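Engineer: Order-wise, the sequence lines are chains A, B, C and D.
Residue numbers for the first sequence follow full-length UniProt numbering, beginning at 1 and rising by one.
Residue numbers for the second sequence follow full-length UniProt numbering, beginning at 1 and rising by one.
Residue numbers for the third sequence follow full-length UniProt numbering, beginning at 1 and rising by one.
Residue numbers for the fourth sequence follow full-length UniProt numbering, beginning at 1 and rising by one.
FYI, nobody ran anything at the bench for these hints, they're computed from the structure.
Please read these numbers as outputs of a predicted model, since none were measured by experiment.
Just so you know, not all the hints are guaranteed correct.
Unchecked claim - In silico BS3-like pairs for lysine-lysine, Cα to Cα no more than 27 Å straight-line: (1) C:Lys202 x C:Lys77; (2) C:Lys156 x C:Lys84; (3) D:Lys276 x C:Lys45; (4) A:Lys45 x B:Lys276; (5) D:Lys84 x D:Lys202; (6) A:Lys276 x B:Lys23; (7) A:Lys45 x C:Lys276.
Protein chains: 4
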Amino acid sequence: MIVVMSRQVPEDNIEAVLDRLKKAGFQIHLSRGVERTIIGAIGDKTRMGDLALEAMPGVESVVPILQPYKLASRAFKEQDTVVKVGDLAIGGQHIHVMAGPCAVESREQLLEAAALVKAAGATLLRGGAFKPRTSPYSFQGLEEKGLQYLAEAREKTGLKIVTEVMDAGTLPMVAEYADILQIGTRNMQNFFLLREVARVDKPVLLKRGASATVEEWLMAAEYIMAGGNYNVILCERGIRTFENFTRNTLDLSAVPVVKHLSHLPVIVDPSHAIGKWRFVPPMAVAAVAAGADGLLIEVHPNPSEALCDGPQSLTPENFQTLMKDVRRVAEAMGRSL
Amino acid sequence: MIVVMSRQVPEDNIEAVLDRLKKAGFQIHLSRGVERTIIGAIGDKTRMGDLALEAMPGVESVVPILQPYKLASRAFKEQDTVVKVGDLAIGGQHIHVMAGPCAVESREQLLEAAALVKAAGATLLRGGAFKPRTSPYSFQGLEEKGLQYLAEAREKTGLKIVTEVMDAGTLPMVAEYADILQIGTRNMQNFFLLREVARVDKPVLLKRGASATVEEWLMAAEYIMAGGNYNVILCERGIRTFENFTRNTLDLSAVPVVKHLSHLPVIVDPSHAIGKWRFVPPMAVAAVAAGADGLLIEVHPNPSEALCDGPQSLTPENFQTLMKDVRRVAEAMGRSL
Amino acid sequence: MIVVMSRQVPEDNIEAVLDRLKKAGFQIHLSRGVERTIIGAIGDKTRMGDLALEAMPGVESVVPILQPYKLASRAFKEQDTVVKVGDLAIGGQHIHVMAGPCAVESREQLLEAAALVKAAGATLLRGGAFKPRTSPYSFQGLEEKGLQYLAEAREKTGLKIVTEVMDAGTLPMVAEYADILQIGTRNMQNFFLLREVARVDKPVLLKRGASATVEEWLMAAEYIMAGGNYNVILCERGIRTFENFTRNTLDLSAVPVVKHLSHLPVIVDPSHAIGKWRFVPPMAVAAVAAGADGLLIEVHPNPSEALCDGPQSLTPENFQTLMKDVRRVAEAMGRSL
Amino acid sequence: MIVVMSRQVPEDNIEAVLDRLKKAGFQIHLSRGVERTIIGAIGDKTRMGDLALEAMPGVESVVPILQPYKLASRAFKEQDTVVKVGDLAIGGQHIHVMAGPCAVESREQLLEAAALVKAAGATLLRGGAFKPRTSPYSFQGLEEKGLQYLAEAREKTGLKIVTEVMDAGTLPMVAEYADILQIGTRNMQNFFLLREVARVDKPVLLKRGASATVEEWLMAAEYIMAGGNYNVILCERGIRTFENFTRNTLDLSAVPVVKHLSHLPVIVDPSHAIGKWRFVPPMAVAAVAAGADGLLIEVHPNPSEALCDGPQSLTPENFQTLMKDVRRVAEAMGRSL
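Turn these sequences into a full structure, and let the hints guide you.
Structural biologist: Here it is in structure tokens:
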């Protein structure tokens, strides 16, 4: 990290900073320039946050040089992490599509959805039993009943199950049914929940917060990894910007950026990012071209009857077409679907 | 709400929309224009979210006309809500300052902070016993020990206590000590937690999410109110923008906007918004000028030794100066401190 | 448009609004609900901006229903516009790559760049003779000398020339040399300049402003088209968001969105959006997968010697690799390069 | 600046960077750490932009330490700049209010507006003769006729004139009439225009671009100052964010931030930032509390008849009330109106 001192700062301010850095075990490089004194400090980056150097007299700014995460970084692990979900390998040569309805609404709806996404080539089934809804008056999910339908669909189709966990209290119940535990965008910095899923022996799909930088997202992954669970799959799902024709702005550049900074697999959820079904297929294809390891797609047997997120759900026909396009582009990129 | 149909849409698409709206009890106004057919629908706004009209064939867009919240709206209650915290009235003529350290670090630190903010005119003491930290390697709070120190400080100074609750599991413990339960910015849409605090008989200080619109913030308040707890205090604390010289961008216009749309009291936290102590005092004063009902200010006996957010904490001296400026502006605005 | 009146508004406020709408030739649909009176108005959308209805007493809000642009809209023209640049057709089945250095720096640099991008399959040469630079102390371009080198490169390679025009005063000079006039992101709402390029008989490449919505971007195109120049090519180049690991956030969803709303061709500039060469190739490929009609790519014979935007420029080798990947994905999407 | 080299970088990459820095006259400080080699470079900050270090092999990132502007910085000039406009001093103890209609619409409208803002205590008259409008179909201004009316209003009331210049071509005409040349938000990075106003002997009011950081805004001021015109007044007018209840988000923290970084005076335009007249008065008062040197306020004799920006214009009565509130808060802050 670099500590920039203010102009014409008294010598004892500089000494105090040097002193604190040395006590914390940092190696020091001091540069006295004409305009400023600048202090370089090299040491344990995970301790920097607690030094409070910016609050010391005479300190103008503190510039971090290295990323604050460690276990999630490419520097810590050169090779790509491949997360195993039963016999599926996420983060390898094969692209996995996780598809299904926003919410589990009924046994019939879910089994129908599972059959159709399986037929089109998906390998995982998504569906929410606990739904975070903006309005308290909206459908909030079938809870354990929904989890049971998901398990039944898995049994019938062989699809693995991805479903959201919203709270530490219901985590044991969700973990009993799910193959992958999804942390939703609104909970990316629910640190209580992150610490709890770290203790569960299931892969975690960590959605990017709608206003989280890539660095904060990787810090959230670091929470899970620091707690002992290394099976983290990252999921880009759009960030909040001024553009409001789409629900959020899908940040596809996050895919190669995360692959550069980290060894973790990255998938993309174009459905929530865009919010309008019409634009989901081109963005799904683009995500694969950008290097994504998988897709999370909302599909509903009858979107206009959906209790949740109908406007962004694909019909069975549109999903089949999407899968064909994804397959062609995956192959052009040297991958398979 | 207004439903805009696509150009050249078949008649049965229009009929289907009319049918669904009528079944949901909406009153219909149909406009057939040259370019488009437009359907106006008047009815229970809390049901709109579940209609999934945008997923119906031939629907181009759905434009909501009324706000989706009800209990939190000015239309529901004309007069300002005044939240009572013991003998304090938040939302009335008097401006309340809630001050103290970011985190409770030790008994000595907290009692010293409490004494000094009390002496300068604060009426509530803030301090975190559970801390949401971006890094898993940072200090995470003293937990129940911290709550006990807060209770002791209350006993010694008479200051009321505001402290954050991060999780439904620890809510009963926090509620035992706190006078006001704070929901942090990262939990504004933790709907599980919102539903739980709705059941507790304590006022809730609801921070705005860093990427939440005013409408979403009021919908989060609606969750708490719909669950039976009407004592909600809103707290603006900065939104995420492209500007990164300050930590976030303090949206002071949210103060008069919320007062127009809602009857709930609004306070402002300039410390977290700005992230640099130097700019906190002018923004505190500006918040009062904009009509805020109170302030949440980080003060530390010795900011450069703080375990959390030292760079944005005021020294005792700077806090005293701030309080004098706030008092003068409050009086110029016809209020008291 | 929909005019929402405030609650309990006096009758003469409603009458005044109806009166103004009727005088402006709008057809009226009045809905008197329990909570609100709502007025639907159908008519010439290009006149709505001047009605100032929101300033009238009793008006709470005005909600536009139709897009404010006309000539640029898909409703105005169903088929895709194909812009002819000599014998090149932009917006058709073939994807065009416009490549070259950020700035024309010397005759040698430009001719070398032209030869290499031509060899790799580009059909147009980009290069700035007038450079908008954030700092007044940075290289500002070779001006007319630079334009002459571009013309010489065109003669030698057959590549068409795309170059930026920054000001109405220098437009005649730039138009003399350029095949396509580029309007830069900072000038997207330089309405003086838009009106001037509308009068020139050359295609215009209109970059999206870094904080422009898709609607504002199409309104800028409307300026050029309303002035008589229908040959507008839109170029997505990243929008400003809170994420700052990349220079801007490339909004690839703008590609299918614009193609839905408008008939104009859309190309993508990943170089300026990302700002780091390493991430340009995957985003170029993703842009083609998303449906872009072309790419604008910065290539420099020796990026580390570039006077402008070296960090985002590709080396000749990286550009050749990119072209191969783009070709494969273009073919997978049923297009050619 | 700090140059961070990649992990395990070959020695000649480091040498090449050192070599380039030395040739450019920078003083070098080399830190070889366990993970990285880090190079500190101290020298002429205005030359950094052209070094293209990030494009050199082995360079991971370049972190600037000092601000890239010089003449606009507080380091260059300790004392506040006071801009003289005839006998008015902007940036001193007195707060100046610049008020008037968005656009000059007619002689009668302007003279009426001038008389009323003068009576309420404004010292400058604002009004646009050239109007940047989002739609090509909207009223674009009276041009020279409008400037003549402004001059007549000045003669009749003694108010100084602030009016926008949109283009280098019309600058001589505007400069003949104006007391202060306004650069609009869309032209903040129209570098051609900045260079031209730098040559005119009139103060320049430089509005912040809606997506400009404070640093970019000060760089735009630097353009004008580097060209020889030191009389720059900065004007905060809202930045683009995801919040869309208000037109833009007024960033009042920019006021103390700019006063810390620069010596230039700063005023605030709440009318354009908010876009709704109802919220303009509290934000005007808050701006003064935050330390602004002046205000730019839209006032119209009859807002609902305005040809431009009626919804954000104050009525004469509301403006009078605002002025009384502003005066009281200004006095509480030790300033006068």
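Engineer: When the structure is checked against the list of hints, which entries are broken? Sort them ascending.
Structural biologist: Failing hints: none at all.
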